[in-house]
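Chains as they are written, first to last, in numbering that gives the first Met the number 0: chain C, 0 to 296; chain A, 0 to 385.
No wet-lab data here; the hints were simulated from the structure. Hints are not guaranteed to be accurate.
To be verified - Taking beta-carbon pairs under 7 Å as the criterion, some of the chain A residues facing chain C (in silico):
1. 44
2. 49
3. 99
4. 176
5. 213
6. 216
7. 217
8. 226
9. 241
10. 250
11. 251
12. 254
13. 268
14. 269
The beta carbon of each residue, even a glycine, is placed where N, CA and C say it ideally should be.
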Amino acid sequence: MGNLNFLQHLANGISLGSLYALIAIGYTMVYGILRLINFAHGDIFMLGAYITYYGILFTSIPWWLVFIFASIFTGFIGLLLEKIAYRPLRESPRITILISAIGASFFLQNFGIVVFGGRPKAFPVPNILNKVIRLGGVSVGIVTFVIPTVTIILLLGLTYFITKTKTGMAMRALSKDYETASLMGIDINRIISITFFIGSFLAAVGGVMWGTKYPQLMPLMGVMPGLKCFIAAVIGGIGNITGAVIGGFILGLGEILLIAFLPNLTGYRDAFAFVLLIIILLVKPTGLMGEKITEKV
Amino acid sequence: MKKKFGLLLLVSMLIISSLAGCSQSQDTGGGSSDVIKIGVFEPMTGANAAGGQMTVEGIELAHEAKGEVLGKKVELVIVDNKSDKVESANAASRLIEKDEVVAIIGSYGSSLSMAAGDIVKKAEVPAVGCSPTNPLVTLNNDYYFRVCFIDPFQGTVMANYAVNDLGAKTAAVIQDVTQDYSVGLSKYFIDAFKELTGDDNSIVETSSYNTGDQDFSAQLTNVKAKNPDVIFAPGNYGESALLIRQARDLGIDVPILGGDTWESPEFLSIGGDAVEGAVFSTHFTAEAPVTNVSGIFLEAYREKFEKEANAFAALGYDAYMVIMDTIEKAGSADPKAIRDGLAELEGFVGATGNITLDENGDAVKSAVINKVENGEFVYLTTVEPK
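Build the full structure now, drawing on both the sequences and the hints.
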């Protein structure tokens, strides 16, 4: 394999990895703060992509504005989901909410099939994002630059928000001890709503970016990316936002390099992610950058 | 406490799995003697949704045209097999056991048809496939028939096109390893291509992927390094459209060829400019009607759907009409009688051509080659079987 070829594989891997990283951020943030694995994250991701699709189709607003509005709108759907599916169960054991999350996920998938139809839709990719740059012999799509940039910006913005702002501080307090936090005058409902809003917003941004890179929308499109980004979040240390980004890159690069160097194992592409999950759970259950979690009983 | 959680988990899983088994078709209660029930199992959702829905359009059109046979009403029971092999087997069982259908039509996707093969054989209910092209669908199964050609022919047609029309000396093959259709068609293409070029090393790369994959950049980068004259990549329309997009983005500019599954509006809309020039074989085109039934079908389709018909609708139409014809000739709607009638079907004039079923239950028909030009499928030529 020539150097050029290897560079192309590397570019492909980084491109896929940054997409995984983007979706994993939202996943891990909701977990980090609420200790809830939001299994519907992948389906919110799907909704984000579809809402953008309809936004571009039925309105004449410029595409980048549609991207932003659709993501915000999806954020509100996430907020609604929390109100309906999770809030009534807040005092219940954690496993109940987990199962409610699985139910929400199934509901959204089937809602998608009924409302959007089973046949795939072609995501309208803006021409400017369709361009390809050729550097020497390596071809890189514009999206490949846009996605990591968006990921890094969101990562920095989110880190700033959580560590520096008052709401962020409340979020961290909530993640440490929920009852004490409420005794300190923190409006628990508001903070949880904000957390879900941001988490769903991030999922939607991921959905939009996914759509521009792989412009085929299907009601079940969120299932595999959802699972993989969950794995990425676990690899990085679930709850840790920087870890999620690192986990996403490891997963994306790993997948591409696996197919590149061991083409016979292509059929095990998805299995690769799960094997990686098992290994990390055996070797370092807290993930690469995870904190030590003491189980609250 | 822990025990309680475990129980809760178990119960919810049971509920989920039982819900997943439900199907969308209405319960009509079997056994009534004044209706003849024909079962249809096709992918209405999932990776093959477009193919299944196009086929069902054709079946429903045929049902509207001929809703009665032997003085009894014909009822269609349509079940979604969700583009999933397990669901497909369940759908076939359900049609036989619950709805007590006398014959089954389906399914788009060879893997989905093969999943139901053993079930129809055991229950002794005949099935007629519209577009599953893998030879294994009907092989050693006296109860499975089809109204389309099979892949040994389709693979040869495309290899011929690559070598004789494009002058290709080397080829790369990219197949979907989870689809029997794609794996089979690739194999026949490879065999034919090697024979035509007389060079055992003319296939420079064989790559694979899975249904549901969205990223093909690693496979394509490997293919690009081998510099083939042509790429053969049969697979689902969605995956194929993404694959071709990514190939063009990587700077691969050689012709890309495929099979009949590419004929769907989604292939064009998802592929965009990238699929311009893509060439594939299929069963039928509205541009070249073959029989007087083609004309009737095209007219009826245009009237109902206000667009030109596709090959899958035509095959769905034919599959239904073949069953009606067989019931009429046999004078009975007994599954066994229908099977025996189908096994002897000869010279049936369908929308897609004259259908005669051979000893395996396969139709021998001509193939059409289409090309994508200006965002539309354009008819190139018709290839007759040898």
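Legend entry - Proposed interface contact between residue 254 of chain A and chain C, which counts if any beta carbon pair is under 7 Å: 19 Å, violated
Inset, instruction - Would you check whether residue 99 of chain A satisfies its interface hint, that is, whether its CB is within less than 7 Å of any CB in chain C? - result: 27 Å, violated
Inset, instruction - Answer holds if the nearest beta-carbon of chain C is closer than 7 Å to that of residue 217 of chain A; otherwise answer violated. - result: Check passed: Cβ of residue 217 of chain A comes within 4 Å of chain C, closer than 7 Å.
Inset, instruction - Could you check if residue 213 of chain A really has its C-beta closer than 7 Å to a C-beta on chain C? - result: Since the shortest Cβ distance to chain C is 4 Å, the answer is holds.
Legend entry - chain C contact restraint on residue 251 of chain A - CB to CB distance below 7 Å: With Cβ-Cβ at 9 Å, over 7 Å, it is violated.
Legend entry - residue 268 of chain A as chain C interface residue, shortest Cβ-Cβ below 7 Å: 4 Å, holds
Inset, instruction - Let me know if the C-beta of residue 226 of chain A comes in closer than 7 Å to any C-beta of chain C, holds or violated. - result: With a closest approach of 12 Å, the residue 226 of chain A hint is violated.
Inset, instruction - Under 7 Å, Cβ to Cβ, is where residue 49 of chain A needs to be relative to chain C, so tell me if that hint holds or is violated. - result: 5 Å, holds
Inset, instruction - Mind checking the CB of residue 44 of chain A against every CB in chain C and telling me if the closest is under 7 Å? - result: 3 Å, holds
Inset, instruction - Verify the interface restraint on residue 176 of chain A: the C-beta must sit less than 7 Å from at least one C-beta of chain C. - result: 5 Å, holds
Inset, instruction - Would you settle whether the hint for residue 216 of chain A is holds or violated, based on the nearest Cβ-Cβ distance to chain C being less than 7 Å? - result: At about 4 Å, which falls below the 7 Å cut-off, the nearest Cβ of chain C leaves the hint on residue 216 of chain A intact, so it holds.
Inset, instruction - Using Cβ atoms only, decide whether residue 241 of chain A comes closer than 7 Å to chain C, and label the hint accordingly. - result: Where the cut-off is 7 Å and the nearest Cβ of chain C is about 6 Å from residue 241 of chain A, the hint holds.
Checked against the numbered hints given earlier, this structure breaks hints 3, 8, 11 and 12; the rest are met.
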